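*Asks:* In my numbering, the protein residues as written are 1 to 311.
Treat the hints as calculated values from the structure; they're not laboratory data. Keep in mind that the hints are not guaranteed to be accurate.
Distance condition first, Cα-Cα at most 16 Å in a straight line; then the derived EDC-like pairs of lysine to aspartate or glutamate [said to hold, decoys possible]:
| id | residue 1 | residue 2 |
| --- | --- | --- |
| 1 | Lys256 | Glu244 |
| 2 | Lys38 | Asp163 |
| 3 | Lys38 | Glu302 |
| 4 | Lys70 | Asp163 |
| 5 | Lys63 | Asp163 |
| 6 | Lys287 | Asp299 |
| 7 | Lys165 | Asp291 |
| 8 | Lys38 | Asp291 |
| 9 | Lys303 | Asp291 |
| 10 | Lys84 | Asp299 |
| 11 | Lys83 | Asp147 |
| 12 | Lys84 | Asp134 |
| 13 | Lys70 | Asp134 |
| 14 | Lys63 | Glu52 |
These numbers come from a predicted model, not from an experiment.
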Amino acid sequence: MKLLPITLILLLTATGCEPQPAKTETRLSLAEARRGFKTQLTAQATDEEPAEEPQANDFQLVKYESPVGKLAAYLTPDPHDGKKHPAIIWIAGGDCASIGDVWTPAPADNDQTASAYRQAGIVMLFPSLRGGNDNPGRKEGFLGEVDDVLAATNFLQAQHYVDAKRIYLGGHSTGGTLALLVAESTNRYRATFAFGPVESAADYGTDSGFLPFDPTNQREVELRTPGLWLHSIQTPVWVFEGTEQGNIESLRAMAKTSTNPQVRFIPVRGASHFSILSPTNQLIAQKILADNGPLSNLDLSEKTVNQNFNQ
């Protein structure tokens, strides 16, 4: 009889379950491991600034229903063309729980607004999350926020001008880490694009303000460690990072351990954590527009991404 991996034994023990023979040939998915877990949060500062009203016609301020109540989001308005459009949920970096100005043009070497998608006619949703802006709930540091993104997905799919079968997910930096954890928790996205995530949320360090839990608690950390759950991914995922600056070592570490063919890791030579965004998102946007069959045919090779960046 094969022995269970020690990580699986720890996870099952922590949930009060005994290892079952049926699990000896498989590993727990992240969704299974999260089930029933209650995080213990430490004291944290609360945000009080509401999401500002968009100053352009590119977005409207909306509210979506989440497990902790109504949360703010920016949504592309109905173009009133009678068509159903592909859509992407984008999670920005930094304090990814809050949303701010995503409509003002940004420099090409640091476009964290992912403007390539709206310029291509793709519907965008920027969700704020629990504890961000003046939202209800408390920040959980990449745990309950997964549920908020899934709730935002429900809201987006219900929009009559959105093609519910062509919903994509993307994010940058902390948003990339969260996007990767969300992709490990569900098969609802046609594809996911995670820019500059870390292998474990604990990599941000205790001084970052992103860890409102005890980082010495192994169980708390494991459920926020995307590098542990790559085997859970069921739909196409691309992980990108520039080789010059950022979280490139996390990308390389995850690429070394992953055996899941659904996940592709693409280092971009000569790019940084920020300059990678605009050229790569422009490429992805065009790929999304062409990805209109019953099943996704979207393809992004390391060669293509690097060529696109260096043009």
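*Asks:* Compare the structure with each hint and give your call.
*Replies:* Taking the hints in turn, this is what the structure says about them:
For the given pair, Lys256 sits about 19 Å from Glu244 by alpha-carbon distance, which is inconsistent with the 16 Å threshold. A C-alpha spacing of about 35 Å is found between Lys38 and Asp163, which places the hinted pair above 16 Å, so the restraint is violated. Under the criterion of a C-alpha separation no larger than 16 Å, the hint pairing Lys38 with Glu302 is inconsistent with the structure, at around 39 Å. Of the supplied pair hints, the one linking Lys70 and Asp163 is violated, its CA atoms being roughly 23 Å apart against a limit of 16 Å.
Using a Cα cut-off of 16 Å, the hinted pair Lys63 and Asp163 is violated, with the two alpha carbons roughly 20 Å apart. Distance restraint check for Lys287 and Asp299: the Cα-Cα separation of roughly 8 Å lies within the 16 Å cut-off, and the hinted pair is therefore satisfied. A C-alpha spacing of about 11 Å is found between Lys165 and Asp291, which places the hinted pair at or below 16 Å, so the restraint holds. Using a Cα cut-off of 16 Å, the hinted pair Lys38 and Asp291 is violated, with the two alpha carbons roughly 39 Å apart.
Between Lys303 and Asp291 the CA atoms are separated by roughly 19 Å; this puts the pair beyond 16 Å, and the hint is violated. Restraint check for Lys84 and Asp299: the C-alpha separation of about 22 Å exceeds 16 Å, so the hint is violated. A threshold of 16 Å between alpha carbons decides the hint, and for Lys83 with Asp147 the separation of about 29 Å lies outside it, so the pair is violated. For a cut-off of 16 Å, the pair hint linking Lys84 to Asp134 is broken: about 32 Å separates their Cα positions.
This hinted pair checks out: Lys70 and Asp134 have alpha carbons roughly 10 Å apart, not beyond 16 Å. Distance hint between Lys63 and Glu52 is fulfilled; the C-alpha atoms sit about 13 Å from each other, no more than 16 Å.
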